[in-house]
Amino acid sequence: SIGCDDYLGSDKVIDKCGICGGDNTACKVVSGVFKHTLTNLGYHKIVEIPEGATKINITEMSKSNNYLALRSRSGRSIINGNWAIDRPGRYEGGGTMFTYKRPNEISSTAGESFLADGPTNEVLDVYMIHQQPNPGIHYEYIIPGDNVISPQLLAHRRPGEPLNGQLGMPESTNHEDEDLHRETDTLTGQSAGTFPVIQPGRFPSHQPENQVPAVQPPRQNREYNWKQIGKTECTTTCGKGSQYPVFHCVNRITHEEVSESYCDSSTKPIPEEEACNLFPCPAFWDIGEWSECSKTCGLGMQHRQILCRQMYANRTLTVQQYRCHHLEKPETTSTCQLKICSEWQIRTEWTSCSVPCGVGQRTRDVKCVSNLGDIVDDEECNMKLRPNDIENCDMGPCAKSWFLTEWSDRCSAECGDGVRTRSVVCMTNHVSSLPLEGCGNNRPSETTSCNNGPCAGKVEWFAGGWTQCSTECGSGTQQREVICVRKTEGNFDVLNPYECSYLEKPPSQQSCYLKPCGSKWFHTEWSTCSKSCEGGFRVREVRCLSDDMTASTQCDPQLKPEEKEPCNTQDCIPEIDENCKDKYYNCNVVVQARLCVYTYYKTACCASCTRVANRQPGFLGRR
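Residues in the sequence shown are numbered consecutively from 249, following this note's numbering.
Think of the hints as simulated: they come from the structure by calculation, not from any bench.
There's no promise every hint is true.
Calculated lysine-lysine pairs in the DSS-like style (CA-CA distance at most 25 Å, straight line) [said to hold, decoys possible]:
#1 Lys632 / Lys615
#2 Lys283 / Lys349
#3 Lys283 / Lys264
#4 Lys632 / Lys587
#5 Lys615 / Lys311
#6 Lys543 / Lys475
#7 Lys577 / Lys632
These numbers come from a predicted model, not from an experiment.
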């Protein structure tokens, strides 16, 4: 194996500083992050890359609408200059080749970057074309340290060999040759992130100063010699490539090729690079990547950059578009659709009105549904087209009715005449309304008479014990028997009340209140039956009210009075019209033939036609 010093068996390699046999201490890494907040649009300088810099990495920390730009100190634009955005690719500048990367605008979140192996032969300035807030720019490069050139390395340095990370060139080399050398280095297949390595055989080897060169025999005495037998293939088919002569060891007399060991390797000619295929390559359309779709759903637009480019000397240049007129120009805009837009769907019908009378509200369920049928956030749909999910409803004016409780179970008197009571309140037909006045003068009675049988009495006014309160809760009444009796020995004889009228009669009734009732069921009177015969129904409104006559939910559902019941279940007795009779015995045939629609048959078979008309409303039509 050959070391970087071109000696067989040498284990020397080039370190990260580009020094053959170095220990990585002859250079230093410069890195940082540019995070300044910028306000003005346009070009803003980020960092200066000094002459001799290697392993250059300029990377945007996240994707943005900003662009990186590169310019030489002499003012020559290298990448993205003069407000023209270049395609990602490889661009020569500052004595090295820069790789410009711009990740996919839709699928990637990574930012732009410049990468170069170096070394640079002039100062370069990195800019950012500012269009939106700066996400941060990371920069890093390696520069040579102090006192890194050893005398031994200077003694063995050849033209084009790395020196302290820089590529030295002979003074006589013109700029075209310099570019040619750079392009040739690129073509050797070096990967990004490595330093140029001089290929063996490219330059003449040098003997160490302390070594005496071996004496070569005279040329005419040598039987074998080096001979050029051809050239390598041109590196490109157009646009200036390079090729090298190929030398083999041959017999001087027979010109037969033999093993290279027969020839003196020190006399082997150095293959010098030659230009080839100098004619320019045809111009072509350089097609950029599509931009993001202008809409996240539905039909949108996307754009891409189309440039006319031409390659020469391993460099792709932007040229005037007329040079690509022989080719059909690709479209710069296109329609796009990432997905079908979501749409509004009404999932339920309108609910019942929130009130039985007056103005209330009703609702329905409205959802935003994707094209896959999934319910998504409302923002996915067009809010301007959203159907209403709530609206007012008018159930008409609220009527007023008397609401009643059931009669109390207990009679106010244990015997004789007494009363049972109930509560009566006037309310509108609305659950949340408070008691109101204005139901009219037809107030239902709050008491009704009751009698539990005759009572035993005594002479003079005799007051019995108070009965139980007429209600188990709330306000009620208590009764007691007050009679006129005459006391006899061991017995009482009941007299007419007038015989005790001169005496003050004790009260026979008083109010009572045992405890608060809490909530109780109230109901209205039954409505009129819907039919007069053959089974109809009647209805009433039932509500649960608390002690203060407001709506409540605390009533026992098992005790709720019925709101609807059948009525008038008896059969209807048709009225017999003496003037409507069948004049023929076979009027049933007239009915079957549906002739009752004619006036003659309707009169001749009046009874039969009338019966079928009553069973089937609308059977008799007009003719």
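Of the hints given before, which are not true for this structure?
When the structure is compared with the hints, numbers 3, 5, 6 and 7 turn out to be violated.
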